[in-house]
Amino acid sequence: MKPAIRFEQVNYSVDGLHVLRNITGFFPKGKITTLVGPSGAGKTTLFRLCNGLKSPDSGDIFINEKHIKEYDPVTLRRKVGLALQNATMIDGTVFDNLSLPLKLQGKQLEEAEAKRLLNLVGLEEQFLSHGAKDLSGGQRQKVSIARTLVNRPEILLLDEITSALDRISQQDIEELIMNINKKFGTTIIWITHNLDQAVKVADYTWVMIAGEVVETGDISVLTAPKNERVKLFVKGEEN
Amino acid sequence: MSFLNLTLSLIFVLIPLILSKTLNLGLEKDTIIAVVRSIIQLLTVGYILHFVFTSNDYLYIILMIGLIIGAATANARKKGTSIPGITGKLIFTFLFVELLTQGILLGFGITPPTAQYMIPISGMMVGNSMVLAILFLNRFASEVHAYEEEIELILSLGGTPKQAIHRQLITAIKASTIPTIESQKTMGLVQLPGMMSGQIIAGADPIQAVQFQLLVLFLLLTTAVITSVLLGFLSYPTLFNQRMQRVKEVNPTD
Numbered sequence: 001m002k003p004a005i006r007f008e009q010v011n012y013s014v015d016g017l018h019v020l021r022n023i024t025g026f027f028p029k030g031k032i033t034t035l036v037g038p039s040g041a042g043k044t045t046l047f048r049l050c051n052g053l054k055s056p057d058s059g060d061i062f063i064n065e066k067h068i069k070e071y072d073p074v075t076l077r078r079k080v081g082l083a084l085q086n087a088t089m090i091d092g093t094v095f096d097n098l099s100l101p102l103k104l105q106g107k108q109l110e111e112a113e114a115k116r117l118l119n120l121v122g123l124e125e126q127f128l129s130h131g132a133k134d135l136s137g138g139q140r141q142k143v144s145i146a147r148t149l150v151n152r153p154e155i156l157l158l159d160e161i162t163s164a165l166d167r168i169s170q171q172d173i174e175e176l177i178m179n180i181n182k183k184f185g186t187t188i189i190w191i192t193h194n195l196d197q198a199v200k201v202a203d204y205t206w207v208m209i210a211g212e213v214v215e216t217g218d219i220s221v222l223t224a225p226k227n228e229r230v231k232l233f234v235k236g237e238e239n
Numbered sequence: 001m002s003f004l005n006l007t008l009s010l011i012f013v014l015i016p017l018i019l020s021k022t023l024n025l026g027l028e029k030d031t032i033i034a035v036v037r038s039i040i041q042l043l044t045v046g047y048i049l050h051f052v053f054t055s056n057d058y059l060y061i062i063l064m065i066g067l068i069i070g071a072a073t074a075n076a077r078k079k080g081t082s083i084p085g086i087t088g089k090l091i092f093t094f095l096f097v098e099l100l101t102q103g104i105l106l107g108f109g110i111t112p113p114t115a116q117y118m119i120p121i122s123g124m125m126v127g128n129s130m131v132l133a134i135l136f137l138n139r140f141a142s143e144v145h146a147y148e149e150e151i152e153l154i155l156s157l158g159g160t161p162k163q164a165i166h167r168q169l170i171t172a173i174k175a176s177t178i179p180t181i182e183s184q185k186t187m188g189l190v191q192l193p194g195m196m197s198g199q200i201i202a203g204a205d206p207i208q209a210v211q212f213q214l215l216v217l218f219l220l221l222t223t224a225v226i227t228s229v230l231l232g233f234l235s236y237p238t239l240f241n242q243r244m245q246r247v248k249e250v251n252p253t254d
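Chains A and B are the protein sequences, given in the same order. Counting in the UniProt record's numbering, the first sequence runs from 1 upward without gaps. Counting in the UniProt record's numbering, the second sequence runs from 1 upward without gaps.
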């Protein structure tokens, strides 16, 4: 398996608190990797490092085997798309939000393309003119995914994107992400607290606990764990 | 005004003191301190100005203007501690405002190059600029804090720091300049400007006083906009590093 993102001894701390310790490993190219672990494991921070919103204190990150520092930050962030759990919306309509990535490049989003994106994430076309901040949590997460897709990222980082969705919508999004992965070969890295989902969608899995990578591998890491800490985590006893 | 008249004006100090004592407001000590400080400060400034005006030496004029800028910077910087290098940015802004306004006034011969004109106008311009700087810094800091997630979103989608902070910058610039513009709309209707009133009381022709006041108002308008815009564009880049990352932490533990 070729790595899409590779980490070598990556450390990151805030005010003396180690958020990430000696992270070494890779997310395979063209696959879906689920990233699981208890709250405070440093998963979202790891995403911020991959998207270039933060830089590690020490260690190296490679995107498509090219050092992250060699990428211009703007190019990197378009290549490595990030959809965060809070699904922040800017003021304005859903269309304004979908247009944002192209507007930042001085381009315009065609209305037909906006409608296609909405359909893709399971929202009806009339949502385009809705106020984005009036949407429900689930609808915001769907718009957030669609907005990230506008940049056509090679790597897609998804942080708890189905946490506010009902079961049916969760399944829709799971299918959507798997389709994007198959159709465009997009590498997906997906943080989820839902272990059933992690097993269902993943080709590869990372388990992170307290800023460290405890185990990586195929879904047997979660279905038949050997590591004691992973066993406790899967049982719901590791916090 | 004679010293006897000035002494009699202390009646206006006695009234709040008596009221405070009668109603147990507890303002006596602060009132006395305020009165004593203002007497000492204003008399000192009065004597210094008298000395500078009579000597009319440019070195003293520059020193006075330097003092004004120094005091304004010391006051305004307290509101901008979250912005790296704020002291230098404030000094640059106040100097720019001072040089621009005096450059126009002296360059076009609108006012004569004497201490009598240069120092009071500098005081008004830098004073106004200081208030604007404080208003701007206050608003800018609260806007950035309130919209931290939106700033991160724009950066994460491949926006530049300027694009990410544009909305907060424009809001802070507008919010800080609006009071100046609004107060000028009611000028003469609601309040007579202090300087114009002073000139009229001192016996100047009201039309001439108005003309001079208009000049000052236009200058204040310029300094207001320039201060906010300049300070804004000097400040926002320091909130990001060379990798276009926000310098402040967001949700550091997860």
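Please note that the accuracy of each hint is not assured.
[Claimed, not checked] Heads up, simulated PhoX-like pairs for lysine-lysine below, C-alpha to C-alpha not over 25 angstroms straight-line:
1. B:K79 x B:K21
2. B:K185 x A:K103
3. A:K183 x A:K226
4. B:K79 x A:K107
5. A:K115 x A:K103
6. B:K185 x B:K174
7. B:K185 x A:K133
8. A:K231 x A:K200
9. A:K2 x A:K133
10. B:K162 x A:K79
11. A:K103 x B:K79
12. A:K66 x A:K79
13. A:K133 x B:K162
14. A:K107 x A:K133
15. A:K69 x B:K79
16. A:K115 x A:K66
17. A:K231 x A:K103
18. A:K133 x A:K31
19. A:K66 x A:K29
20. A:K183 x A:K235
21. A:K182 x A:K226
Since the hints were derived computationally from the structure, they do not count as laboratory data.
Each hint, compared with the structure:
Of the supplied pair hints, the one linking K79 of chain B and K21 of chain B is violated, its CA atoms being roughly 35 angstroms apart against a limit of 25 angstroms. Proposed proximity of K185 of chain B and K103 of chain A is contradicted: the alpha carbons are some 37 angstroms apart, above 25 angstroms. With a CA separation close to 34 angstroms, the supplied pair K183 of chain A and K226 of chain A exceeds the 25 angstroms bound. In summary, the hint linking K79 of chain B to K107 of chain A is not supported, as the alpha carbons are separated by about 38 angstroms, beyond the 25 angstroms threshold.
Of the supplied pair hints, the one linking K115 of chain A and K103 of chain A holds, its CA atoms being roughly 17 angstroms apart against a limit of 25 angstroms. Between K185 of chain B and K174 of chain B, the direct Cα distance comes to roughly 16 angstroms. Compliance with the 25 angstroms bound is thereby established for this hinted pair. Taking the CA atoms of K185 of chain B and K133 of chain A, the gap is near 36 angstroms; set against the 25 angstroms cutoff, the hint is violated. Taken as a hint, the K231 of chain A and K200 of chain A pair is honoured in the structure, with Cα atoms around 18 angstroms apart against an allowance of 25 angstroms.
Distance hint between K2 of chain A and K133 of chain A is unfulfilled; the C-alpha atoms sit about 40 angstroms from each other, more than 25 angstroms. In summary, the hint linking K162 of chain B to K79 of chain A is supported, as the alpha carbons are separated by about 20 angstroms, within the 25 angstroms threshold. Our distance criterion of 25 angstroms between C-alpha atoms is broken by K103 of chain A and K79 of chain B, whose separation comes to about 34 angstroms. As the CA atoms of K66 of chain A and K79 of chain A are separated by approximately 13 angstroms, the hinted pair is consistent with the 25 angstroms bound.
Between the alpha carbons of K133 of chain A and K162 of chain B the distance comes to roughly 23 angstroms, so the proposed pair stays at or under 25 angstroms and holds. Our distance criterion of 25 angstroms between C-alpha atoms is met by K107 of chain A and K133 of chain A, whose separation comes to about 23 angstroms. In summary, the hint linking K69 of chain A to K79 of chain B is not supported, as the alpha carbons are separated by about 35 angstroms, beyond the 25 angstroms threshold. The suggested pairing of K115 of chain A with K66 of chain A is violated, with an alpha-carbon distance near 35 angstroms, which exceeds 25 angstroms.
A threshold of 25 angstroms between alpha carbons decides the hint, and for K231 of chain A with K103 of chain A the separation of about 47 angstroms lies outside it, so the pair is violated. About 33 angstroms separates the Cα atoms of K133 of chain A and K31 of chain A, which puts this hinted pair outside 25 angstroms; it is violated. In summary, the hint linking K66 of chain A to K29 of chain A is supported, as the alpha carbons are separated by about 13 angstroms, within the 25 angstroms threshold. A distance of roughly 35 angstroms separates the Cα atoms of K183 of chain A and K235 of chain A; the hinted pair therefore is violated under the 25 angstroms criterion.
Pair hint K182 of chain A plus K226 of chain A does not hold up; C-alpha atoms about 30 angstroms apart against a cutoff of 25 angstroms.
In this structure, the earlier hints numbered 1, 2, 3, 4, 7, 9, 11, 15, 16, 17, 18, 20 and 21 are contradicted, and the remaining ones agree with it.
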